[in-house]
Amino acid sequence: MKVDEFLYHEARLLDTGQLEAWLELFTEDATYWVPLEKDQRDPLETSSIIHDDRTLLGLRVKQARHPRAHARLPLARTVHQVGNIMVEDGKDEVRVSSTLQVVEFRNEKQRLYGALVEHRLRRMNGSFKIAHKRVDLVNSEGELDGIAILF
Amino acid sequence: MAPHELERLATLVRPDRVHRSVYADPAIFDLEMERIFGRAWLVLGHESQVKAEGDYFTTRMGREPIIVVRQDSGEIGVLVNRCAHRGSMVCAEGRGNVERFVCPYHGWSYDRAGVLQAVPFSSGYEKGKLPFGLKAVPRVALYRGFIFASLATDGPGLEEFLGPAKASFDDFVDRAPGGELEVAGGVFKHAYNGNWKLMLENHLDGAHPAWVHASSVAVARAAPEPGKPGEEHYYDIAVRQMRQNGAPDAVWEAIGMWTTPHGHGYMGDYHSDDRLVAGMGNPVFDEYRKRLIKHVGEKEADRILRVTLWNTIIYPNCSFMSQFRQLRIIHPLAVDRSVVTTYSFRMKQAPAQMFRDTVAFANVVNGTGSWVLTDDLEVYERLQHGLSSGAVDWVYVGRGHGRDVKEDDGSARGATGTSEIFMRAQFAAWLRYLSQ
Numbered sequence: 397m398k399v400d401e402f403l404y405h406e407a408r409l410l411d412t413g414q415l416e417a418w419l420e421l422f423t424e425d426a427t428y429w430v431p432l433e434k435d436q437r438d439p440l441e442t443s444s445i446i447h448d449d450r451t452l453l454g455l456r457v458k459q460a461r462h463p464r465a466h467a468r469l470p471l472a473r474t475v476h477q478v479g480n481i482m483v484e485d486g487k488d489e490v491r492v493s494s495t496l497q498v499v500e501f502r503n504e505k506q507r508l509y510g511a512l513v514e515h516r517l518r519r520m521n522g523s524f525k526i527a528h529k530r531v532d533l534v535n536s537e538g539e540l541d542g543i544a545i546l547f
Numbered sequence: 158m159a160p161h162e163l164e165r166l167a168t169l170v171r172p173d174r175v176h177r178s179v180y181a182d183p184a185i186f187d188l189e190m191e192r193i194f195g196r197a198w199l200v201l202g203h204e205s206q207v208k209a210e211g212d213y214f215t216t217r218m219g220r221e222p223i224i225v226v227r228q229d230s231g232e233i234g235v236l237v238n239r240c241a242h243r244g245s246m247v248c249a250e251g252r253g254n255v256e257r258f259v260c261p262y263h264g265w266s267y268d269r270a271g272v273l274q275a276v277p278f279s280s281g282y283e284k285g286k287l288p289f290g291l292k293a294v295p296r297v298a299l300y301r302g303f304i305f306a307s308l309a310t311d312g313p314g315l316e317e318f319l320g321p322a323k324a325s326f327d328d329f330v331d332r333a334p335g336g337e338l339e340v341a342g343g344v345f346k347h348a349y350n351g352n353w354k355l356m357l358e359n360h361l362d363g364a365h366p367a368w369v370h371a372s373s374v375a376v377a378r379a380a381p382e383p384g385k386p387g388e389e390h391y392y393d394i395a396v397r398q399m400r401q402n403g404a405p406d407a408v409w410e411a412i413g414m415w416t417t418p419h420g421h422g423y424m425g426d427y428h429s430d431d432r433l434v435a436g437m438g439n440p441v442f443d444e445y446r447k448r449l450i451k452h453v454g455e456k457e458a459d460r461i462l463r464v465t466l467w468n469t470i471i472y473p474n475c476s477f478m479s480q481f482r483q484l485r486i487i488h489p490l491a492v493d494r495s496v497v498t499t500y501s502f503r504m505k506q507a508p509a510q511m512f513r514d515t516v517a518f519a520n521v522v523n524g525t526g527s528w529v530l531t532d533d534l535e536v537y538e539r540l541q542h543g544l545s546s547g548a549v550d551w552v553y554v555g556r557g558h559g560r561d562v563k564e565d566d567g568s569a570r571g572a573t574g575t576s577e578i579f580m581r582a583q584f585a586a587w588l589r590y591l592s593q
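Same order as they appear, the protein sequences are chains V and S. Each residue of the first sequence is one higher than the last, beginning at 397 in the numbering used here. Each residue of the second sequence is one higher than the last, beginning at 158 in the numbering used here.
Certain hints may be false.
Taking lysine-lysine pairs in the DSS-like style, the calculated list, with each CA pair at most 27 Å apart, reads [claimed, not checked]:
hint, chain 1, residue 1, chain 2, residue 2
1, S, Lys-456, V, Lys-434
2, V, Lys-434, S, Lys-323
3, S, Lys-447, S, Lys-346
Here are some of the chain S residues that sit facing chain V, going by a computed Cβ distance under 7 Å [to be verified]:
hint, residue
4, Met-190
5, Ala-395
6, Thr-531
Facing chain S, from chain V, some residues (calculated, C-beta under 10 Å) [said to hold, decoys possible]:
hint, residue
7, Pro-431
8, Leu-440
9, Ser-444
10, Ile-445
11, Gly-454
12, Ala-460
13, Arg-461
14, His-462
15, Arg-464
16, Ala-465
17, Glu-539
Derived from the structure by calculation, the hints contain no laboratory data. A quick note: this is a predicted structure, and the numbers were derived from the prediction, not measured. For every residue, glycine included, the Cβ atom is placed at its ideal position computed from N, Cα and C.
Next up, chain S with everything else stripped away, as it sits in the complex (with noise of 0.2 Å):
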């Protein structure tokens, strides 16, 4: 890079602000693709979704189309859904099983593994001649059955990447028992026009659920009263959790936020309502920790039902719920539009009205037509607007600024629930990723 570019950029991102381009940019955007998307450990996905040879499924890896396959070695390809020939896409989007990936345009065929099989009038072509097969991905990792790949040939591995926020994996797939975990239950795809950043801060910021959310919770708290075990209604997921955006300042503040070197970050759980969590008395609950139980001795499932983490997010583009099992995938489609697709999972081992309850909470929090997503859209939308603007170039990220407290595990924790500490990590990690 010249170096006055790598001097640019670095005025962007300063300790306490940073420059509005970053949002509104497309030429920083177009940095962005190359630079984080192209070399971070993205996640695509979850095993589950691959579960028998030839199983498939398409996704995005910043701008190059993917497909995510089981090969015939029973490990997990990814490969780039272009074919070799002229450049169409020789998967429709979408998912399935295939023995052969057969190009639309010209019928040159590829296995499993993106080797090519077939080419129609081969005899034009000199022997040994031919390209090799559909570009793989070169570096793709399992984490506890969740998918990753890199289009970077090298840089650091997957554990050292994930760094203290493998911990947030390793409570999404303890809590079921046996680690049994699949993606179920449909996925969301929603949109928004507006940076892709901005949905993945959102996720880590406990000081705007209070305003953004206030009509979805003055509405549930004048809603009627959830019933007791055995009188309980169909509403009472969504009315007990759009109550629970509601939580006073107090709680906010006091809930743990932690950020690691590579721009990670999750935040501890603000839930305080039993039939949400893993609260006992209930007689759902009290046969899941049963079941638990059985697998790993009451000790080990007291500790695991005990972390209490709400968003996790995995820079730059995944965000989860691990107690909630919820995962979003945020794809940078433009500068300023996006598009998130959106999955549960259900623990295959846990009592079925847990899953009900996922599913209940998914449609509440994270559908397309819910209360509470809608009104995080409506203020993207907004803030791409406002940072569209060039009246005002800064950014204000620091509340909390000076007063963050390093722990032992190398992660970096908020001196409180809604320090900014999440914005200054990811914007240090972006600036990494963009001046090298």
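Here chain V stands alone, though its shape is the one from the complex (with noise of 0.2 Å):
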């Protein structure tokens, strides 16, 4: 699979719901990171909307689908538009720049986000799996609803 086939299957698996199945997209060590602040380099001494090791993200995924996961009931309907996808090869990783807009619809809202995300992936299986997913959100210094979504 190429990767910007990669980048589009994992849009497609949130935009369809199968929230499972992009879980398991994630390497055993994975992190997944949507800083709080423009240019943020650390995720342990400043906040972050999500910082995530692949345990957390995981309980993401369960309690989307909890019955009274109030804020996630129902869950958005999505859709994930990625572009601008450069490829950076390494030696054991991909590096991945891209660009991001989620338009989220729940409970008669809709809403718009924009983002510059990073992915780190590695080879496997003539696939690849995410090491690191970093998301900047435009507007992430912002005055922000709840996000209960998934980038």
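Using the hints, build the complex out of the two chains.
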């Protein structure tokens, strides 16, 4: 699978509600990061909108399935639009920069997010696994409504 | 105020219920901005946000855009962010360091005290006829490093206003070795389509976590076990905290719930997890306790660590967790729209791991993308929808009513930890502000 096909595949899993299959794209040592601040370098001494290891990311998927997850019932419908894919092939990992636009609809409200995204991918069985994903929302420092979707 | 208006307001608040219009009527919101936010002492932040001369940050007091700035005198000034000329905000929203506030419209400039310094085309004015400068907020005061201001020229002093709630700020500061605290770790800003009071009420509500946070409690219970000292994982703090929200009913009933005459309130803590609160036997906490002892001695250190408080509410718009070093300020934008800023604090002399725990705690509980907060926000919005309906008039706040206990320090205690005494106290203060 080519890198761009992999990113489209990832987006498709999120947009069709296949969250468990999406989670499987991540390595066991993966980190998933939506920083709070522009150019944030540190996830441990500065807060993040999301900063998850693989265990916590798994809990997010499980919460989405819980019958009393109020902010996730029903789950938002989304479109993840991936663009401007640029690939930098490294020795062990492929570093991918892209842009992301997400349209979210839930409870009669439509929201639009824009982000710069960075993936670090590892080649595995003819495809890839995500070792690190960073999503820098353009409004991360703005006044945000609660975020109950995955990017 | 016209007598009929006063009478009408008084009918909205009864001993065990309030009328839904207090959450939904834009005319009442206007009165609140004038009579509550225009008078009460409001928490603006902490002195560590303006350490050096010229350091400033912007905020709001009700509807007023505000600049908090460290002046050349070393004092903290609170100015209305509005040019004396044509009314533009002189300072963009945010924070930084300034020598002069220069209005972007016609270049009127003000020093750090807000005094007008230079006016382009000044020959068009008669000498001595120019306005003095930026309007200064009339009353500014500090309590243990926290910055307060009031838009009213008179009213109770800050210490009288805080009353027994001072102890919560004392707890916040006393826990820091050497009393050294600073705002650090980023600022969350989250918004919801709901009235400002909804969040304030929720923060003292021990009956809600089992329901609102059922999903995060459930996934945390099913999560892998947190590690022992030396074998800890990144996920531990999040899992531990989410599990604690599932404390049994008896725990919530047993924690204390107190209110003060000015509508403030605070509750005892429900945490039993030693890794989250200053429990002993953990190497990080042992080191922390040692550093605390170095400053205040063993007896005082242990007294400090025995205080177990969860949320404190400073009416009308501040909520903080002294033990977990989180402080939130609720800014009402409209009757059905509010924005909340959330700050974390670092104890400068505590072990570095403690601040990492604070950040992890902030992310899981108070963050915009948190498992916990998102469910609270969803409920606020559902409340606002329900309260906008005219089909039913009353909101019931009667749990524990008639069983409140008067304490020696002037506070009142709920009969149990889930008593709605905090709402009754907030609405008593609300009616007092609005009736004056």
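Okay, the hints, checked on the actual structure:
no., hint, result
1, S:Lys-456 to V:Lys-434, "violated, 45 Å"
2, V:Lys-434 to S:Lys-323, "violated, 36 Å"
3, S:Lys-447 to S:Lys-346, "violated, 35 Å"
4, Met-190, "violated, 19 Å"
5, Ala-395, "holds, 6 Å"
6, Thr-531, "holds, 4 Å"
7, Pro-431, "holds, 9 Å"
8, Leu-440, "holds, 5 Å"
9, Ser-444, "holds, 6 Å"
10, Ile-445, "holds, 4 Å"
11, Gly-454, "holds, 8 Å"
12, Ala-460, "holds, 9 Å"
13, Arg-461, "holds, 9 Å"
14, His-462, "holds, 4 Å"
15, Arg-464, "holds, 4 Å"
16, Ala-465, "holds, 4 Å"
17, Glu-539, "holds, 5 Å"
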